[in-house]
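J.: Each chain, written out:
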Amino acid sequence: MSTTSTLWLLWAVSTAAGAAVLLAGMVCGGGVRAHLLIGKTTSGHHQIELACEACHSKPFGGGGVLQAACLRCHAEELKQAKDTHPAKKFTDPRNADRLAKLDATQCVTCHREHKPEITHAMGVTLPTDYCALCHSDIGTERPSHAGLAFDTCASAGCHNYHDNRALYEDFLTKHTHDPDLKPKAIAKLRVAVNEPAEKRKPLGRADADAPPAKLGDAAAVEAWLATEHAKAGVNCSGCHAPKKAEAASPEPIWIEKPGPAVCATCHAHEVKTFAQGKHGMRLAANLASSRAGLLGLFKEQPLAPMRPELARLPMSKAAHGHDLGCTSCHGAHKFDAVTAQVDGCLGCHADEHSKAYLGSPHHKLWQAERAGSGPQGSGVSCATCHMPRQPIEDENGLDRVLANHNQNDNLRPSEKMIRSVCADCHGLGFTLDSLADAALVRRSFSGRATVRVQSIDWALKRLQAQRRATQ
Amino acid sequence: MPSMPSLSSKPAKPLTLACAAGAMVLLTGAKGLEPKDVADMLHAVMSADRTVYTKQVVNRLTLKEKVITASEHFEDNKALPLPAQMFRFGAELAAEQSKKFSYSLLSLWPVNKQNAPRTDAEKKGLEFVAANKGQNFYTEEKLGNQRYFTAVYADTAVAQACVTCHNDHKDSPRRDFKMNDVLGGVVIRIPITE
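Keeping their order, the protein sequence lines are chains A and B. Residue numbers are given in the working numbering: position 416 of the first sequence equals residue 416, and the series is strictly consecutive. Residue numbers are given in the working numbering: position 184 of the second sequence equals residue 184, and the series is strictly consecutive.
Hints may be right or wrong, so weigh each one.
Derived PhoX-like pairs (lysine-lysine); straight-line CA-CA distance at most 20 angstroms [claimed, not checked]:
1. K123(B) <-> K113(B)
2. K64(B) <-> K178(B)
3. K99(B) <-> K88(A)
4. K133(B) <-> K178(B)
5. K100(B) <-> K89(A)
6. K170(B) <-> K461(A)
7. K214(A) <-> K243(A)
8. K88(A) <-> K100(B)
9. K174(A) <-> K78(B)
10. K133(B) <-> K36(B)
11. K82(A) <-> K78(B)
12. K170(B) <-> K174(A)
13. K113(B) <-> K89(A)
14. K99(B) <-> K89(A)
15. K101(A) <-> K142(B)
16. K113(B) <-> K88(A)
17. K231(A) <-> K199(A)
18. K79(A) <-> K78(B)
19. K174(A) <-> K461(A)
20. K214(A) <-> K244(A)
21. K101(A) <-> K88(A)
Keep in mind that the hints were calculated from the coordinates and are not lab data.
Taking the hints into account, I'd like the entire structure generated from these sequences.
T.: Pasting the structure below:
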C-alpha cells in the first residue's frame, strides 16, 4: 500500500472510531457526555445535565418531545401557581396573530436551554421586554402605566408571567391596610404528626430488634429511644431491614445506611418534594448519566446524589464530598427536626443571605422560641421560609399540614413566597417592598426596605378613580 | 353569504361536555351537515347551559337567597365562578379534546379587555348582533393559515344578575344595561377547507 492510501485508511478508521465514541456518548452516556454539552445549562437544570434523556427523551424528538419533558416536571407547579398565561389560553384561533409573534403554547419559546449568553433571570431567553409583544397598549387602559419601560413589568416586583397569586389587583386593594407586622405573627404549625398507617405500641430499649452486633452502638439506641420513631412503634428493622417479613433473619437484608426510598415508606410527601427541589432532584426517578447498551459496554448509571461542591451557590468547604439525602439534615437515629431547620442548612450554605441570617431579626425570633420566651411558631428558621409547612391534600381530599421539602417551590420569583410564607406574619405592602430590595434580601432582612413597590398605591388610585366615575 | 363547505364525517374523539357530545352525535351520524347547522346546534347547547347556570345557580344564590357571591377570584373569595368563567373553562376543556371547533364569549363593552373583538369578523359580528336583535351573524375568515366558518350569536342579559354585575363592576366600560339587552356575543369557529 502506498503511503497516501495508508494515510487515507488511517484517517477513515480514526474518523469512524471518533464518531462511534461521540455517538455512544450521546446515546449511551458515560464519561464523554460531559464534553458533548452544547452550551452551559441553566442553574435550574445543571444538576441533571448529564441525564440527557430527562428532556431529550427521544433522540430526534422536536418541540413536542421537549414540551412533554418540561411538563413532566413543571405542569403540577404551574397549575398550583394559577398560571396566568397557561397554554390553553392561547389555543383559540383568535390568537393566531399573537402566536405568530410569540408562540406562548410552548415553554421553549421563552425558556431555551443551553443558551447561557441570552439567559436572563428565571431562565428567560427572550429580550426582557417581551410583555410589550401583547400588552403594548397598556398605558391607554391604565394611565399609571403609560411610559413605563416594558422590561420593568416583571423586574419591579409588580408582575410575573406565570404566578400572580399575590399580585392581582383585587388582592392588592384588599390588603391595602395590612400592618407591617401582624398582631399574631405565627407561622403555620405542625398540626398533624406523620401517623403510620397502622397504629403500633410505643417501643422501649428492650424492644430494639437490631442484630446483637448492631445494638452495641449505645448512642444510636439512645437517640432512637428519644424520637417519634420509637414512640410510634418504628423499630430498628423498620428502616434497616424493611424487607424483614420476607426473610428469616434481619442480618442478610440489613441496610447499613437506609436511603430516601426507605424514608418514603412513611414520609412519601417529604421524599417526593425533596426529589423535586435542588437537594434531591438528582435522585428523581429514572435519571441516569449512562444507559445499559452496546453489548454490555455501557452500564446503567443513575445520577449520584447531589454534593455541595457541585452547587453553583457558595458552599462551605467543610461540607464538600457529602452525599445529600434525608439524613444530611435530619441526622441518623436522632431525626431532630429543629437541627434540620437551621444548622442543617448552614452546615453547607455559605452565601451572603445564609450567613447574614445569624443575628437577623428572624433568627432572634427563632432563638427566643427555642429558649421558651417566644410562643410556638413565632420563630423563623431557614425552613420556615424555604421549606414551609403547607396544607397538602391527602387521598381522601382532606388537608394535612406537611413540610414542603422542595426548597425551590417558592423561591423564584420571590413573590411566590408571599402567600405561602410571608403573609403568615407580614402585611402585603411591607412584604412586596422587602422582597424587591435586593440588598435587604442579601442582609437576610436585617433593617427596612429602601425600595417602594408601587402596585398597591396604583391599584388603590385606580379603584378610587373608578368609584368617583360611577358615583 | 358564501356557500358552505360541508364537514368531513370522520368520527370525532369522544367528548365529555354535554354540548360537544350533542354535536358529535350529529357530526358522525349525518353526512353533509353544513357548518352553519353545526354552529347553531353547538350554540343551542352552550346558551342553554349558560342560562341554566346563571338563573338556577348565580341569580338564585346571589340575588334571591343571598347566601353566596360570584367573583372572578372565586377560590380566594370562596365564591361562585362567574357565568363567563364557567363558559371559558368549558371552552378550554373542550379545546383540549377537540380541534374541530372553538368558541369564546366576547363583547364590545368588555369587563375583561381580553374579551374585546380582535378580528374583523368578531367586530362586525358583535356590532351586527347588537344592532339586529334576534339575528345571528355568519361569515368566513382566515386566521393563521386556516380558514374558518365563524358564527356570532347575541349574548343577552337573561337574568337580573347579568345586569347588576355588569353595571356595577369596577372594570365595566358601560353601565346602562337593562334586562334582555345584548351584553356581548358568543363566537363559534369551525375550521373548513377552502
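J.: Hints first: check each against the structure and report whether it holds.
T.: Results for each hint:
{"no.": "1", "hint": "K123(B) <-> K113(B)", "result": "14 angstroms, holds"}
{"no.": "2", "hint": "K64(B) <-> K178(B)", "result": "18 angstroms, holds"}
{"no.": "3", "hint": "K99(B) <-> K88(A)", "result": "12 angstroms, holds"}
{"no.": "4", "hint": "K133(B) <-> K178(B)", "result": "14 angstroms, holds"}
{"no.": "5", "hint": "K100(B) <-> K89(A)", "result": "17 angstroms, holds"}
{"no.": "6", "hint": "K170(B) <-> K461(A)", "result": "13 angstroms, holds"}
{"no.": "7", "hint": "K214(A) <-> K243(A)", "result": "18 angstroms, holds"}
{"no.": "8", "hint": "K88(A) <-> K100(B)", "result": "15 angstroms, holds"}
{"no.": "9", "hint": "K174(A) <-> K78(B)", "result": "15 angstroms, holds"}
{"no.": "10", "hint": "K133(B) <-> K36(B)", "result": "19 angstroms, holds"}
{"no.": "11", "hint": "K82(A) <-> K78(B)", "result": "15 angstroms, holds"}
{"no.": "12", "hint": "K170(B) <-> K174(A)", "result": "14 angstroms, holds"}
{"no.": "13", "hint": "K113(B) <-> K89(A)", "result": "14 angstroms, holds"}
{"no.": "14", "hint": "K99(B) <-> K89(A)", "result": "14 angstroms, holds"}
{"no.": "15", "hint": "K101(A) <-> K142(B)", "result": "17 angstroms, holds"}
{"no.": "16", "hint": "K113(B) <-> K88(A)", "result": "18 angstroms, holds"}
{"no.": "17", "hint": "K231(A) <-> K199(A)", "result": "10 angstroms, holds"}
{"no.": "18", "hint": "K79(A) <-> K78(B)", "result": "18 angstroms, holds"}
{"no.": "19", "hint": "K174(A) <-> K461(A)", "result": "13 angstroms, holds"}
{"no.": "20", "hint": "K214(A) <-> K244(A)", "result": "16 angstroms, holds"}
{"no.": "21", "hint": "K101(A) <-> K88(A)", "result": "17 angstroms, holds"}
Violation of the numbered hints given earlier is absent; every hint is satisfied by the structure.
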